[in-house]
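Chain order of the listed sequences is D and S.
Anchor point for the first sequence: position 132 equals 132 in the UniProt record's numbering, and the numbering is continuous, going up by one each time.
Anchor point for the second sequence: position 6 equals 6 in the UniProt record's numbering, and the numbering is continuous, going up by one each time.
Hints were generated in silico from the structure; no laboratory data involved.
Take the hints with a grain of salt, since some may be wrong.
Stated by the list, open to error - Here are the simulated distance ranges between beta carbons: (1) Leu162/D / Gly47/S: 32 to 42 angstroms; (2) Arg38/S / Arg66/D: 42 to 52 angstroms; (3) Asp92/S / Ala7/D: 28 to 38 angstroms.
Keep in mind the model is a prediction, meaning the values are calculated, not measured.
Even glycine gets a Cβ: it sits at the ideal position worked out from N, Cα and C.
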Amino acid sequence: MTRGRAALAWVGLALALAVPLVVAARSPLLAWREPIYIAAGMAGVVGLGLLLVQPLLAGGHLPGLRLMASRRLHAWVGAGLVLAVVLHVAGLWLTSPPDVVDALLFRSPTPFSAWGVVAMWAVFGAALLALLRRRLRPLLWRLCHVTLAAIIVLGTVVHAWLVDGTMGTLSKAMLCLLVLAAAARAVHEARLPAALRRLGRRGG
Amino acid sequence: MTPPLRRTLLIAGGAALAAPALARPALAQGLAPTPTMRGSANNYRPGAAIVPRIGQGGFWLTGTVRRAGDGAPIPRARIQIWAHTTEGHERDPHSHGATLTDAEGVFRMEMPQIVPAFGQAHGHLAYDAAHDENGYETVFLRPLLRSARDTSLTAHFVLRRA
Chain D
1 MTRGRAALAW VGLALALAVP LVVAARSPLL AWREPIYIAA GMAGVVGLGL
51 LLVQPLLAGG HLPGLRLMAS RRLHAWVGAG LVLAVVLHVA GLWLTSPPDV
101 VDALLFRSPT PFSAWGVVAM WAVFGAALLA LLRRRLRPLL WRLCHVTLAA
151 IIVLGTVVHA WLVDGTMGTL SKAMLCLLVL AAAARAVHEA RLPAALRRLG
201 RRGG
Chain S
1 MTPPLRRTLL IAGGAALAAP ALARPALAQG LAPTPTMRGS ANNYRPGAAI
51 VPRIGQGGFW LTGTVRRAGD GAPIPRARIQ IWAHTTEGHE RDPHSHGATL
101 TDAEGVFRME MPQIVPAFGQ AHGHLAYDAA HDENGYETVF LRPLLRSARD
151 TSLTAHFVLR RA
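Using the sequences and the accompanying hints, generate a full structural model.
So, in structure tokens, the structure goes:
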């Protein structure tokens, strides 16, 4: 990749992350929200943005980063994602406890809540799995981690799309499509069918 | 104040509801009670004062309260209303207020503009047996605005005798 194209890729990524944040930060809804509620919403937008970075890092697709450095960064961004999810849920809990309890117990009237809660548990599962990486067979580990990542992306995108919140419709749609595309590429590159076949052969 | 058109519609709507009850009493006997909606009692603060309007107003929450079975209007039924609005969160005491239905079982509450919160623009309404002497079972509602730009919302109660 030429230096010009590399710079373009980084600028493109920075814009894809920054524009939805700026649009959300200028939402008229913020005028009628307490700071904790605003921070909780922003943590959600940040979390969605990190989901664009994660598959790119996992596949080593960001120019100028070697695969090892890219994977190490993937782990750190993963920790950041866990923090974003915790801040999102905790901030919403402080703002309106019964609504968050309903969501966590899957009895919320809002259709997007269940998608978000499933994605939250998948984030915690993927992070836990990352900590246990050395104890698992690499093929099995990859299969589980990528499956959880796919659940995280699908659950988060549906959750974010259905929420009538501070994100702008256009910038939210763009970010969601980019997240889906990056995740689809990463899942494809993980070659799960081949991993499954090899695992099956070893097991049988 | 409400535009006259809306009041006319409300009265016309009430008449339309009442007409079949007079014409076909057998069918009206089956008027089912309204079930409490999911999440509708969240952030409820029981016993809010009866007020002419909540805050500065500008948004209208209207509806009817009727009896299950024959659909007869219930006058002087106490309906409590709360929402996330331009003037406060659902939990804030000043976001809550109550009103009484008129002789036709109609209630109309002026309140601040409802804005989207927790992902949906929605209101909360309660008929709470503990704060009303008409003797019906408690029902909570959580209607959604069709659009966050709507300046009114309608919700109807059909109550069962306690």
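Each hint, compared with the structure:
no., hint, in the structure
1, Leu162/D / Gly47/S: 32 to 42 angstroms, "35 angstroms, holds"
2, Arg38/S / Arg66/D: 42 to 52 angstroms, "51 angstroms, holds"
3, Asp92/S / Ala7/D: 28 to 38 angstroms, "49 angstroms, violated"
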